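Asker: Using the UniProt record's numbering, read the sequence shown as starting at 1 and increasing by one per residue.
Hints are all accurate, no fakes.
Calculated pairs, DSSO-like style, for lysine-lysine (alpha carbon to alpha carbon, straight line, at most 27 Å): (1) 316 <-> 248; (2) 400 <-> 442; (3) 274 <-> 316; (4) 532 <-> 521; (5) 516 <-> 400.
Keep in mind the hints are simulated off the structure, nothing from the lab.
Just so we're clear, the structure is a prediction, and the values are computed from it rather than from any experiment.
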Amino acid sequence: MSSHHDDDLPRSGKGKRPSRNLGNTRAGKRKAGLDSIGEHDDEPIVESYDSSEPELMPESYQSSEPQSLAEASGSSIHSTKPPSSDSEPGSDDKDSDWNPAESSESPPASWPSISSVKQFQLDNEENRSPQPLTPQAFRYQVAGYARDILSYGVIRSHAITLMIDDAKLIFVYYDHSLIVESEVLDLQDPEQKLLFVKMIKQMHALSPEALGIIPNLQALFMYDPKQLKRPGLYLDPAAKEGTIPSNKVLVGSLYTVDYNTSTRQGKRTIRLGKVLFCSNGINGRGTKVFRVTCSCKDGDCDWRGEDGECDWNGLKLVMKISCPVKGRVPEHETIQRCIDMAVDEHAWVLKHLPIVLGWFIADGSAIQDRLKIRFGDGYEERTICGSIQEELCPIMDLKKPVEFAQVMYDVLQCHEWVYTHPRVLHRDVSQANIMFRRDGKKIFGVLNDYDLATLVDERHAPTSGHRTGTKPYMAHEQQRTGWTGPLHYRHDLESLFYVILLLVYHYDGFGVKAEKLEFVKWFTEGDDFIYKEKYIFLHQYSWTAAPQPFFTTFRHWLQTIRDSLFDGFSEEAVALRKARAGGQISFDLETLGDNFSYKTMVMVMRNFDEKALVTRNPKWQVA
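Construct the complete structure from the given sequences, taking the supplied hints into account.
Answerer: Here it is as C-alpha cells:
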C-alpha cells in the first residue's frame, strides 16, 4: 500500500467536486491520460488477491493503477474532442484484480479508491499527483467510477457516464479499449439544454446491450422492478455509502451462450454463482470468474453424458469470461494445443494444465464498428470470450511451506514443458495464475490462465501495443520505458521468482499478512519506478534473503536464484561493453549466459529444506 493513509481517502462518490473548470477541457488537442485506471496485460493484470489484503492488490488498486493514467488504460485514451488529461490507466491487458473468493463482496473500506484525487499520479518521472480541483483530477475521479462499473457487478462491455459541474457537462464513454468524451454542453444555453434532454431520453430507450450489459444475460433485476426496491439486496452494509457495485447482483442469474465442446455445439444456459475473481480496471480484458452450474433441473438436461445425466453433474466448475482483443488466439485453443501433445511419456503434464470443458465466443457491442471507423488503428475491437473450466485452488489454500515449494516446482516443470514441446510462452506468470489441484492427499501445481500466451516462434511485441504481464511480477526489463522485446522465456522465470519472493516476504503464513511489506511499492507505483527498484534489487551484490519466519526455509531458494540473476546481468553488462568497443562476443541473452535458465532453476528447486521434492518430468528425474 502506498505510504499515505488510505483511510483518509474518499471512496467513489465522496471525492471533492472540482470547481468550475469543465469549460477549459474543450481547448487543445490533448490525449486523455487515465493510465492508472486500467489493467496491464498486453492487450494482462492480472493478479488476484484476497480482499483482506489490499496492499498487495496488483495493477488497479495500489498505485499499480494509481500510477499513471496511461498505464492504467494500457493505451492512450482517444476522444472525439481530445480531453486535456493525459492517458488512461492500465495497459491493454494487465488485469489488476480483486479476488472476492473467501471474502466479502465489496472491497474493504481501507482500499484506496481510484476516484480519490490524492491517489492519482501522472505518468512522468516524478509521478506527481494531479492537483485537486482541476479538470485532470476530475477525469481521474470519474474514471474511477467507470472502472468500478466495468469491474464489479453486472458484466459490461462499456459504460457511459456524465461529468457535471454546475451548468456544464460532458458525456464520457468507456470501454475496454478507449475513452471518448463529448463536446462540453452548457445547460444555460437553451439549444444545448434541449439537446441534453433529448440525449437522456434516447439513452433511457436503449436496450440493455446498448447500455453495455452483455447479450443474453437474464438477471432478476433486469426483469423484476420489485427487486430494485429491496434495500441492501445487492450491497453489503459496509459498501452502502460507496459506489462499488456488488458482485452478488448476478448470483442466480442465467446466461445463455453458443456453447462448444470437442464433440458438440449448441445453445446452453448457465446459472451463475459466486464471483471468485474480477479484474480491476478500464482498459484490458475485464476478466471475471464465476462458479457456475447448469441451468437444468431434476435431471432434465439437453446436455446429457453417456450416463444420461447432465454432463456437469458432480463437477465443481467455473466460467471465465473476458474481452480480449479481436484476432487473439483464444485461451482454449492454446490449452488444447498443449493437451494434444501431452501423450505417452508427456502425459504427466496433464496434472498441471487447466481442464477446459467447453467455450463460447461472441462479437462485442455493435458500437465497436462505428468506433473503428472513427478511430481506425487507434481503436482495438474486442470479442467476448468465455470458457467452462474445472475449479482450481488458490495458493492461499495451502497449509505448509513445503506444499508451496512443490507447487512452484511443479509450475516450473510445466512451464518448461509447455515452452519446449507445444512451443508456447505463457507471458503472465503471477500469483493469481499459479494454482493447484488435489488428487486424494497429493497436491499438483497448475500453471493457469493462457490468455496472453503466444507461440514461441511468433513472439513479438504485444498485439495491443502495451506491456504484458502483472505489474509486481513482471520481468524488470519489460517495465523499462521504450522496451519492445524480444521476449525470452527467462522473463517468465524471473516472474516466477517474484511470486516466491513477494509471498514469503509479505506473509508470515498463508493468508497471514506480515507487519512490514518490504516490496509494497511494486504494487503501488508505476512501471518506471518499479523498473528502477527491481534493477537496484537485482544488481545489489550485498543483498541477503530474509523471508518471514514462517517461510524461512525459502532462504536458500531466494538467495541462489537472485544471485543467478545478479551474475547473469553482470555478465551481460560486460558483454555489452565489449560489443560497444567493437569486439566480437558471444552471449546468450535467452539465459543470460547460462546463468539463469530452466536447468539452473531446476537444480535449485528440486530440493527444499534439504529434502527432495517430487520431480514430475522424466527429463529431470535423477536415476
